[in-house]
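J.: Dock chain V against the given chain A, drawing on the hints supplied.
Next come the chains, spelled out residue by residue.
Protein chains: 2
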Amino acid sequence: MKFPVYLSSTLLVLTSYGAFGSDSTPGSSHGIAYPTGWQNWAAIAVSHRTDNNTIRAILGNDKAVKAARSGKTNPWPNGAILGKVVWKDTELEDWKAATAPGQFVHAEFMFKDSNKYADTYNWGWARWVGLDQKPFENGAQVCTTCHTPVKDRDWVFTDPAVFP
Amino acid sequence: MKFPVYLSSTLLVLTSYGAFGSDSTPGSSHGIAYPTGWQNWAAIAVSHRTDNNTIRAILGNDKAVKAARSGKTNPWPNGAILGKVVWKDTELEDWKAATAPGQFVHAEFMFKDSNKYADTYNWGWARWVGLDQKPFENGAQVCTTCHTPVKDRDWVFTDPAVFP
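So the protein lines, in turn, are chains A and V.
For what it's worth, the working numbering labels the leading residue of the first sequence as 64, then goes sequentially.
For what it's worth, the working numbering labels the leading residue of the second sequence as 64, then goes sequentially.
Keep in mind that the hints are not guaranteed to be accurate.
The list makes no distinction among identical chains, and a pair is therefore deemed to hold if it is satisfied within one copy or across any two copies.
Derived DSBU-like pairs: lysine-lysine, alpha-carbon spacing no greater than 35 Å straight-line [to be verified]: (1) K179 with K197; (2) K197 with K126; (3) K151 with K214; (4) K126 with K214; (5) K179 with K159.
In case anyone wonders, no lab produced these hints; they're calculated from the structure.
Treat the numbers as computed from the prediction; the structure is a model and nothing was measured.
Just chain A, same shape as in the assembly:
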């Protein structure tokens, strides 16, 4: 009787890959394709913002992680992709002096390509909002305006965390 096995596998896949499902890749943001598989990228840093009460993981594709771990980040190499995963900051129930990820807000990405994205400071800027990963289409200038204070750091706020 194969049906229950099949059903159980399907449910597991749906759960594992979140609300947008395993068979529907979100559409592009600012013309940039969704970076499938980012959920399993390695960490480059973490951060905590008190101005909007969010807590973040900064992840990278292989090229970005290698650059981060070897200090080659100004400029970041072509092909590097940085992902910032943002959650609302919430108090940890079992340790009141700690905060941890609550509601998922969005995942936003910088794609380094000095040829393709020469018009936007050598980075492609994209964001997918909410658990349904709705593409953000309000324009890259929304991103670059906020990142202007770090234009001399190749437009990146993140200092890669020191790993042993």
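T.: Positioned in the frame of chain A, the structure of chain V alone reads:
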């Protein structure tokens, strides 16, 4: 002239793999072998502690990440390894309302194995301190005492972050 090329490659390797070098795996902690490669594990959550001013990434091996993303965490499956990477919390220079990783403190791990570690609540407890990853040998009870408030959550503080 091959010498400069050779020298440059050696420096890159030393930089990439941190202070303990690429050829010297740290010794065991509480009899548990060092989980080589954890630096590139995927993220399960992040956290921020105001009582000791640290910021953390909670990483997992493949088995732990799969369990976390599918909500199968009470109990966590045998073979899951959770890693907590701890840095001092520091103000981000270019965004004063943000904090990010400063000095690296330690990396600590929980190894789930209900056979091997039945005497310590089905987990092996280990920690490697500082950039030289010195094994912590003060006893698992240091770990379990602190984790007692979450004994009904399979001894784990972390709520896996929601990923889309």
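J.: Each hint needs a verdict: does it hold in this structure or not?
T.: Structure-based check of all given hints:
{"no.": "1", "hint": "K179 with K197", "verdict": "within (23 Å within a copy, 45 Å between copies)"}
{"no.": "2", "hint": "K197 with K126", "verdict": "both (26 Å within a copy, 29 Å between copies)"}
{"no.": "3", "hint": "K151 with K214", "verdict": "both (27 Å within a copy, 26 Å between copies)"}
{"no.": "4", "hint": "K126 with K214", "verdict": "within (21 Å within a copy, 40 Å between copies)"}
{"no.": "5", "hint": "K179 with K159", "verdict": "between (47 Å within a copy, 32 Å between copies)"}
Consistency with the previously given hints is maintained throughout, with no hint failing.
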